[in-house]
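Undergrad: Can you make the complete structure from the sequences, with help from the hints?
Going down the list, the sequences are from chains A, B and C. The opening residue of the first sequence carries number 742 in this note's numbering; numbering runs sequentially from there. The opening residue of the second sequence carries number 46 in this note's numbering; numbering runs sequentially from there. The opening residue of the third sequence carries number 986 in this note's numbering; numbering runs sequentially from there.
Derived from the structure by calculation, the hints contain no laboratory data. Where is the CB? At the ideal position from N, CA and C, for every residue including glycine. There could be a bad hint or two in this list.
Listed below are the simulated DSS-like cross-link pairs for lysine-lysine, each with C-alpha atoms no more than 25 Å apart in a straight line [stated by the list, open to error]: (1) C/1232 with C/1299; (2) A/994 with B/199; (3) A/999 with B/298; (4) B/47 with A/999; (5) A/1051 with B/199; (6) B/298 with A/1057.
Short derived list, chain C residues pointing at chain B, Cβ under 8 Å [to be verified]: (7) 1009; (8) 1012; (9) 1016; (10) 1063; (11) 1147; (12) 1149; (13) 1152; (14) 1173; (15) 1182; (16) 1183; (17) 1185; (18) 1190; (19) 1547.
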Amino acid sequence: MSTLVFVEHHGSELQKGSLGVLTKAHTLGGDVAAVLVGHGVRALAAEVATYGAKTVYVAEDDTLEPPLPQARVDVLAKVVRDGGYETVLFANSVLAADIAAGLAARLEAGLNWDLADVVMQDGALVGKRAALQDSVYVDVGWRSTPRIALFRAGSFDAVPGGGGEPKVVDVAVELEEHSRGAKVVGQELEESTGPSIEDADVIVAGGRGLGAPENFTLAEDLARALGGAVGATRAVVDAGWYPYAAQIGQTGKTVSPKLYVALGISGAIQHKVGMQSSNVIVAINKDANAPIFEFSDFGVVGDVHAIVPKLTELVKQRKGE
Amino acid sequence: MKIAVCVKHVPEGSARLDPGSMRLDRSGEGTLNRFDANAVEEALRIKGDGDAEVVVLSMGPERATESLRKALAMGADRAVLISDAGASGSDLVATSRVLAKALEREAADLVLFGQQASDGDGAMLWAAVAERLRLPVISQAADVTLDGGSVRVKRQTEFGYDVIEAALPVVVAVSDAINEPRYPSLKGIMGAKKKPQDVLSLAEIGIDAAEAGAAGSLTEVLALSAPPGRGGSQKIEDDGNAAQAIVDFLAEKRLI
Amino acid sequence: MTGQTRPDSFPPPFAAREFVAEPTDPVDERIEVGVLIVGAGPAGLACAIRLGQLLEEHPDVAEPLGDVPVAVVEKGKQPGSHLLSGAVVNPRALRRLFGDRYRLEDLPSYGPVRHEAVYVLTRRGSLRIPPPPTMRNHGNMVFSVSRLGRWLGERAEEGGAMILPETAALKLLVAHGRVVGVRTGDKGRGRDGEELGNFEAGSDLVAKVTVLAEGTQGHLTGVAFDHFGLHGAEPQVWELGVKEVWKVPRPLRHVIHTMGWPLRTAARYREFGGSFVYPMGDGMLTIGMVVGLDYRDVELSVHDLLQELKTHPKIRGLLEGGERVAWGAKTIPSGGFHSLPKRLHAPGLLMCGDGVGMVNIPTLKGVHYAIESGRLAGEAAFAALRRGATPATALGSYDDAVRSSFIWSDLHEVRDIRQVFGRGFFVGGALASAMTVSKGRIEIGKLPAEPDAEQPLLRTNRAVRYPVPDGTLTFDKLSSVFASGNKTRDDQPNHIRIERNVPRDLAELWMRMCPAHVYEVGADDGDGTVTVQLAPSNCVQCGAITAKGGRLTPPEGGSGPEYTLT
Chain A
742 MSTLVFVEHH GSELQKGSLG VLTKAHTLGG DVAAVLVGHG VRALAAEVAT
792 YGAKTVYVAE DDTLEPPLPQ ARVDVLAKVV RDGGYETVLF ANSVLAADIA
842 AGLAARLEAG LNWDLADVVM QDGALVGKRA ALQDSVYVDV GWRSTPRIAL
892 FRAGSFDAVP GGGGEPKVVD VAVELEEHSR GAKVVGQELE ESTGPSIEDA
942 DVIVAGGRGL GAPENFTLAE DLARALGGAV GATRAVVDAG WYPYAAQIGQ
992 TGKTVSPKLY VALGISGAIQ HKVGMQSSNV IVAINKDANA PIFEFSDFGV
1042 VGDVHAIVPK LTELVKQRKG E
Chain B
46 MKIAVCVKHV PEGSARLDPG SMRLDRSGEG TLNRFDANAV EEALRIKGDG
96 DAEVVVLSMG PERATESLRK ALAMGADRAV LISDAGASGS DLVATSRVLA
146 KALEREAADL VLFGQQASDG DGAMLWAAVA ERLRLPVISQ AADVTLDGGS
196 VRVKRQTEFG YDVIEAALPV VVAVSDAINE PRYPSLKGIM GAKKKPQDVL
246 SLAEIGIDAA EAGAAGSLTE VLALSAPPGR GGSQKIEDDG NAAQAIVDFL
296 AEKRLI
Chain C
986 MTGQTRPDSF PPPFAAREFV AEPTDPVDER IEVGVLIVGA GPAGLACAIR
1036 LGQLLEEHPD VAEPLGDVPV AVVEKGKQPG SHLLSGAVVN PRALRRLFGD
1086 RYRLEDLPSY GPVRHEAVYV LTRRGSLRIP PPPTMRNHGN MVFSVSRLGR
1136 WLGERAEEGG AMILPETAAL KLLVAHGRVV GVRTGDKGRG RDGEELGNFE
1186 AGSDLVAKVT VLAEGTQGHL TGVAFDHFGL HGAEPQVWEL GVKEVWKVPR
1236 PLRHVIHTMG WPLRTAARYR EFGGSFVYPM GDGMLTIGMV VGLDYRDVEL
1286 SVHDLLQELK THPKIRGLLE GGERVAWGAK TIPSGGFHSL PKRLHAPGLL
1336 MCGDGVGMVN IPTLKGVHYA IESGRLAGEA AFAALRRGAT PATALGSYDD
1386 AVRSSFIWSD LHEVRDIRQV FGRGFFVGGA LASAMTVSKG RIEIGKLPAE
1436 PDAEQPLLRT NRAVRYPVPD GTLTFDKLSS VFASGNKTRD DQPNHIRIER
1486 NVPRDLAELW MRMCPAHVYE VGADDGDGTV TVQLAPSNCV QCGAITAKGG
1536 RLTPPEGGSG PEYTLT
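TA: This is how it looks when you write it as structure tokens:
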């Protein structure tokens, strides 16, 4: 099996998600290659190789610097065709999703997305996709070669130690006319006031168990320490403790951060459907029978007022290290 | 000026789980995908009082006319539904073939999509459609401005915003933060029925049966299984050391 | 203290005149229709269907009515979204409505009742008794009224009616003493009533004839009663029904009714009611609990009584291995004949169905009266339009038609039964049977009905016996609201009118009573009252609050439950 992994970068930083996918490709075995597209990416090839790529294709060009998908479709299409790659893997991102779908249309290749894992089963590649709010796993397959797969963010850890000196192959591509149509004319980096709850990797959410509106400072302090955003249940928003914009749940926002910390939240189904696809859920609640514990990865039966200030301090200490 | 908006008819209440099985209840009614309402709203906003034509386009069962009718009630001018037994079961690649063919007939200046389908979460169909139409594509649009023959889009990414320009025609997928869709007015609802609504078969738009539906799909569902439980779920009583225990857990998960 | 608190001592901030107005939109902005029907339930849709039939036969009458001869406004997401009933339906009205056009087999029913059983329950035991005459259902059919509503909606549209879902009829438009339509509710207001970015103002919908078919606790029906002075001889009283639909592995063969446990029989509790379990084909059943809202115990919760009922060995066995797939709640007008309004019409206005109280409580039936009254309202509206005018008296033929129909004779026959139940369920039950056997000829003396809100409250330790929800057989209120499909926008204005500072007992009564967890007992005000906290977006618009000292008004159109199987 030959596999090509699209490795995304931002500035000079390789994206963890795509390195995780590369790590996965390496463990699956076969001929594993990676592709880097942009300006100044050749310097990143050696680092990519350490995650298991034997070959690193480098499409290095000023015109490829803007993070736009269609020029990258042109590059990948050429690499896949010339190298005869059977499988093309992506880690989900705004950019990668558009490349994957464009490539699927260009190559008339099957695309399975939102995969949490991929396995070899009886010699065939099978994707594992969590569906319907993660309540069911769907096994999906491909009827085409190449096969394209897009993995959910954070599906795999990026583990270096795979490869040696990579073979670096330069790729030169004549871009299609429509791939040159869009131009980036400006960029604004995210302001540093902290992430919005839709984008946050960490959410600390408070419920009625906080006891009083002023106790939301517990959630805010912990969120700040963890570099996350603050969410709230409907009950406390209804009670006027916190703004509606922070409401998570059926009639509020649906979120899926890497870490969700639930403080004094009972876990009513209306709340659950808005956060249950979070990667890791930690809950603190004094009611041992609270439903939140049924879908938490780590639950603490205890008083948020006693535990959270200590927790915030410990997190700060650790981050300060 | 013509704006085409691709919309999907999805099961009513996408957030609704069957409380017993905790699975999406698909037995109920259908509705206009709420993310597509943002795209319809954006088209209507761009049109404003101008004379642009807003066409809503969908592929789906006959009942998808209900969703198209809702878009018409909001103010769209015309609806096209590709409905064909041969189209059911289409995957992303097959769907993009059908939509691209239907859009070719429209030759719109601007093609809009919503950010995702609430029933499938596949958030990239536009890129496959744009590829087939050989048009520039810009997704995650948090702001769209039309200026003469070109469009300026503020695209939201993981890192902030990119401001992107492209000459029309172009395909744009809007984010759900771009606007608050309007409610259809009563007059709009009453007038919707009278607006032109075409239902076309695959043959009528020139799609071969082998290109669409399950036959034209390049992926397949093999099996359903229960998801792995939340791995090693732990629950402890606070004995004064819970904060440390949480930190240890987070460290083990490499979250701090 | 408890014995002195009465809900009606704390009236809600509400006046009917707030909801009566002249048209305000400029004349060319008003939306004109021929006949405007409020409510896409069995009554309203029967009215629309009948009008469609008549207008098809008489295009000359339809022609002057313009583009939209018949419009139906519905506050739910679609016809059926807010419909909930048992329901074992007597099919006679459906037969009359459709004639040869549709056969009963074409209707979305779960088939005819073939077997039935009535049980008196005790905590662990049960005694099967012969069904009283009023509870014999042979020949009747099991329906989900929600599903029936959707089907009737399709038929109404086939007949040319325009259905306007997600539209609340907020105000009755009255000009020169005559009803000329309704004003629909605004959309896109924030919690404090402010206009949000997507604000869409309501519209004046004007019509030659307006038909109110709003169902139980109809908002404008109540307003019309007040405005036109139509209240009946006795005040209306209500019962609250909470029901679930279950998928079950073993088919249920019988239509089952139960009396007794978990209700208490002592007269002072005034716990009048019972339960029902109906088969819905081979794979499903519906189970519900109904209790009169003249009960007194602040800890009574019909939702929790239903949960308790399901733990009875007799009932649990029916549900074993099954799965709850739907839940809902609704009030049932139960005052019967004496509580019907003085007239069923006012100038420009006709009223039908549950809204005016056409329910036969001893037989637990009202759907066929709703359909029949809707059909008759359609005929009366047509007759008035045909004459080319709608003078004040032209719609009076509707009252005459209802009085000569089976609606009137049926309700008259059982007219005194409801009052008898005030004496305690078993005594009342026996008398009720005797009275129906004798076709109402036994003189037992009519007792004056008291409004539900006038019952002094009492407190027992009832709530400790409600089962702790296990998420499999028994459920809490919030997960039940979820199962109703309710996903109402939270940041809209509160639509529930209550006195916010009331004695703790009353606050707790509301908290327990509400099956949807809308009310919570908030802070102690320090003057013997507490502040009631509201979560209005949980509301499934059952109407219980209107019976017990508050007033439900319509929230933004499209809010509330999204029933499909109830």
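Undergrad: Holds or violated: is there a CB of chain B closer than 8 Å to the CB of residue 1182 of chain C?
TA: With a minimum Cβ separation of about 5 Å from chain B (threshold 8 Å), the hint on residue 1182 of chain C holds.
Undergrad: Sort out whether residue 199 of chain B lies within 25 Å of residue 1051 of chain A, counting only the CA atoms.
TA: violated (41 Å)
Undergrad: Taking 25 Å as the top limit, are the C-alpha atoms of residue 47 of chain B and residue 999 of chain A close enough?
TA: Roughly 42 Å between the alpha carbons, so the hint for residue 47 of chain B and residue 999 of chain A is violated.
Undergrad: At a threshold of 8 Å, is the proposed contact between residue 1147 of chain C and chain B supported by beta-carbon distances?
TA: holds (6 Å)
Undergrad: Given a cut of 8 Å on the nearest C-beta pair, is the interface hint for residue 1152 of chain C held or broken against chain B?
TA: At 7 Å from the nearest chain B Cβ, residue 1152 of chain C passes the 8 Å test, so the hint holds.
Undergrad: Per the CB criterion, is residue 1009 of chain C less than 8 Å away from chain B?
TA: The hint is violated - residue 1009 of chain C has no Cβ within 8 Å of chain B, the shortest such distance being about 15 Å.
Undergrad: Hey, residue 298 of chain B versus residue 1057 of chain A, does the alpha-carbon distance stay inside 25 Å?
TA: With Cα atoms ~17 Å apart, residue 298 of chain B and residue 1057 of chain A stay inside 25 Å; holds.
Undergrad: Residue 1149 of chain C was flagged as interface toward chain B. Is the shortest Cβ-Cβ separation under 8 Å?
TA: Nearest chain B Cβ about 6 Å off; hint holds.
Undergrad: For the pair we were handed, residue 994 of chain A and residue 199 of chain B, check the Cα-Cα distance against 25 Å.
TA: The given pair, whose Cα atoms are some 22 Å apart, holds under the 25 Å limit.
Undergrad: Would you settle whether the hint for residue 1063 of chain C is holds or violated, based on the nearest Cβ-Cβ distance to chain B being less than 8 Å?
TA: This interface hint holds because 7 Å falls under the 8 Å limit.
Undergrad: Using the nearest Cβ pair, does residue 1016 of chain C come within less than 8 Å of chain B?
TA: holds (6 Å)
Undergrad: For the hint on residue 1173 of chain C, just tell me whether its beta-carbon gets within less than 8 Å of chain B.
TA: Constraint on residue 1173 of chain C satisfied, holds at 6 Å.
The structure shown violates the earlier hints numbered 4, 5, 7 and 8.
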